[in-house]
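J.: For reference, the chains in residue letters:
2 protein chains.
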Amino acid sequence: MNKQSDGCSPAEQEGVYELLPFILNPSNIARFEAGKVIIGDRRAYPFSKSFVTCETVDEVATAIKDMVTQGSGPWLCAVHALRIVASKHVLAASDSPKKLLSELRQARDLLVVTRPTNTAIRLRLDEVLIKATDAINNKQSADESIEASIKQILQGIYDDYAIRARAMAELIENGDGILTNCFGEAGFILALAFAARDGKKITVYTPETRPYFQGAKLTAPSILEIGVEVNLITDNMPAHIMSEGKIQKYITAADLITVDGHVVNKIGTFQNAIAAHAHNIPFFAFAWGRDDSKVVRDDIEIEERNPAQIRLALGTPTTIDSINARYPTFDITPPKYVSGIVTVHGILSPYTLNNYQTW
Amino acid sequence: MNKQSDGCSPAEQEGVYELLPFILNPSNIARFEAGKVIIGDRRAYPFSKSFVTCETVDEVATAIKDMVTQGSGPWLCAVHALRIVASKHVLAASDSPKKLLSELRQARDLLVVTRPTNTAIRLRLDEVLIKATDAINNKQSADESIEASIKQILQGIYDDYAIRARAMAELIENGDGILTNCFGEAGFILALAFAARDGKKITVYTPETRPYFQGAKLTAPSILEIGVEVNLITDNMPAHIMSEGKIQKYITAADLITVDGHVVNKIGTFQNAIAAHAHNIPFFAFAWGRDDSKVVRDDIEIEERNPAQIRLALGTPTTIDSINARYPTFDITPPKYVSGIVTVHGILSPYTLNNYQTW
Chain G
7 MNKQSDGCSP AEQEGVYELL PFILNPSNIA RFEAGKVIIG DRRAYPFSKS
57 FVTCETVDEV ATAIKDMVTQ GSGPWLCAVH ALRIVASKHV LAASDSPKKL
107 LSELRQARDL LVVTRPTNTA IRLRLDEVLI KATDAINNKQ SADESIEASI
157 KQILQGIYDD YAIRARAMAE LIENGDGILT NCFGEAGFIL ALAFAARDGK
207 KITVYTPETR PYFQGAKLTA PSILEIGVEV NLITDNMPAH IMSEGKIQKY
257 ITAADLITVD GHVVNKIGTF QNAIAAHAHN IPFFAFAWGR DDSKVVRDDI
307 EIEERNPAQI RLALGTPTTI DSINARYPTF DITPPKYVSG IVTVHGILSP
357 YTLNNYQTW
Chain U
7 MNKQSDGCSP AEQEGVYELL PFILNPSNIA RFEAGKVIIG DRRAYPFSKS
57 FVTCETVDEV ATAIKDMVTQ GSGPWLCAVH ALRIVASKHV LAASDSPKKL
107 LSELRQARDL LVVTRPTNTA IRLRLDEVLI KATDAINNKQ SADESIEASI
157 KQILQGIYDD YAIRARAMAE LIENGDGILT NCFGEAGFIL ALAFAARDGK
207 KITVYTPETR PYFQGAKLTA PSILEIGVEV NLITDNMPAH IMSEGKIQKY
257 ITAADLITVD GHVVNKIGTF QNAIAAHAHN IPFFAFAWGR DDSKVVRDDI
307 EIEERNPAQI RLALGTPTTI DSINARYPTF DITPPKYVSG IVTVHGILSP
357 YTLNNYQTW
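Here the protein sequences come in this chain order: G and U.
The opening residue of the first sequence carries number 7 in my numbering; numbering runs sequentially from there.
The opening residue of the second sequence carries number 7 in my numbering; numbering runs sequentially from there.
Treat the hints loosely; a few may be bogus.
What the hints assert, rightly or not - Using C-beta positions, here's what the derived DEER-type ranges look like:
no., chain 1, residue 1, chain 2, residue 2, range
1, U, Thr68, G, Arg311, 36 to 44 Å
2, U, Thr62, G, Asn312, 40 to 48 Å
3, G, Asn312, U, Asp304, 40 to 48 Å
4, G, Gly295, U, Thr68, 50 to 58 Å
5, U, Leu116, G, Leu318, 32 to 40 Å
6, U, Ile159, G, Thr68, 52 to 60 Å
FYI, nobody ran anything at the bench for these hints, they're computed from the structure.
By construction, the Cβ of each residue, glycine as well, lies at the ideal position given by its N, Cα and C atoms.
Excised from the complex, chain G in its bound form:
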């Protein structure tokens, strides 16, 4: 991480906490409070700002599977869930360290399988558990260790968001029309906020993102909240808007990026990237952590969800039950359609990622 020479962190220097919209404030995403994990319910937003409270690890796992949260939400819920286990052992001091470790590992295993494509859950859980194991072995509080790990991770993350968002914001030009897909999280939203604060007039087009409408529910209201012009469109419109000359950049988050430069993100990202390429519009994707187990395309398992969801819109049937459906959740954009990966090192060619140990 590139800390600034004056000792102020990049996130503090950019004032990100004042710029972030409600839904992206970390304490609104997920927090641990009085033995429970409180999760911001993204299914209810933007109509209400409500929370789901989980008292057990099972409840957290169910909430993650039930799409209460997404993006960076799942792993943050997962690491907070470890505190449900650890905080109880502080109270029950007679328990053996071995039993605590075993319970933490059981919780980890339960949480890891909630979302196969979301590798951040596993990475963050293991990162926190290594330190917690050290603490236990040194007869220190596992709960305090986990709490400190989460705080440290969040500080690092918001510094990273600030650095990446600044790199992307520098490429945004006055008058740009920007297409996105699904919900680009804090990196994307902060890039827009920085560009707007720098005096650039921009307009964002956000596809609604079927079947869960994250674009309509999360992205568009967040962009409105930071004071940038936003237009909601349906998922079949991006190429037409491009043909009108209204899009100058296509920018998304990424659920994961392979070491050889394939961008895995919410379904639709790929076809928008092909259309952008055909219209000479560059595509930039925000990286989030190098995963050495995902080197090439074949290392990616695309999550296929319950196809019954495709026959529903906000719970109402769109067709009769006897119709078959498919529900791939993510797609893979090969590096030939990717103009740049937004990293802490700046915006990199997707073909050069292997030159960097971390992104």
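The hints should help you fit chain U onto chain G, whose structure is shown.
T.: Frame of chain G; chain U shown alone:
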């Protein structure tokens, strides 16, 4: 029209009326009965098979605007609506021919503006009105003339459907996966039915087609009804399904095709065509009538509907009302992405359409 040498029309020879699913039977699309126009309500299908009854030309115009029907429905409703006017004048024999003609022209002008992109409404109304005017001038029944014109047009259309569908079916191979967009009407559905009857095993992927879900509501149930395997997907999935190797052909209808080969069809057609091109998948579009007023791309006016519809899914809000939206109804696929135009002359290059006086 190429009538077969045995005197049997192509539609009869192919047995199209037995193959057509409920929604595509012409009398279920729109009919004139006892002074009223009865319109199959595609908004209610596939959950119920209900009809909207219109007693006045105004009511028909409103029904067309309200999307009660689409595809070939609007012009069929419009020409039947002329009979509401003409049949009353049979009853009121004292009315002057001048007054009847004037009322028919008023009705025509009201009906023409219901859907700016749907040129078939104007073409069919004018075709019927020329003959009705002749009848009136020859002191014959305008209503009988309109009835006969509609019967003749429908016979011609279903012969044309049979010829075009046969041409397309011949190109479909055993094992093909086929992507479509929106609702391809009788030409597309019959091509599938012919291929299946010829013993070819095919699988169709149909995007749901936001914001009105015609793919979910009309296309998927129609394909199921003719006994062909169908998978519903959301509008952001086509390129991903292509990348799995599951699509061998992309086939759609067209609301209009310019003389220089631009395909105007439901929004999403264009981006699927770009993705198909990137995956070496040919794109075929069913032509429906040469329109000499639409020669080049600039002759096309893309209908922009009420953006409030984009913030709704089946009437339920997907986001808050303060979010701006865009609602272009159609898009334009340039000929470079079009592999063939399905016409009564067979499947033509989009660059050669001007060589043919009719398609």
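J.: It remains to establish, for every hint, whether it holds in the given structure.
T.: Hint-by-hint comparison with the structure:
Checked against the hint of 36 to 44 Å, the C-beta distance between Thr68 (chain U) and Arg311 (chain G) comes to roughly 40 Å, which is consistent with it. Roughly 47 Å separates the CB atoms of Thr62 (chain U) and Asn312 (chain G), a value that falls within the hinted 40 to 48 Å. The hinted range of 40 to 48 Å is satisfied by Asn312 (chain G) and Asp304 (chain U), whose Cβ atoms lie roughly 46 Å apart. In this structure the supplied range 50 to 58 Å holds for Gly295 (chain G) paired with Thr68 (chain U), their Cβ-Cβ distance being about 56 Å.
A C-beta distance of roughly 38 Å is found between Leu116 (chain U) and Leu318 (chain G), which places it inside the suggested range of 32 to 40 Å. For the pair Ile159 (chain U) and Thr68 (chain G), the supplied restraint of 52 to 60 Å holds, since their beta-carbon distance comes to about 59 Å.
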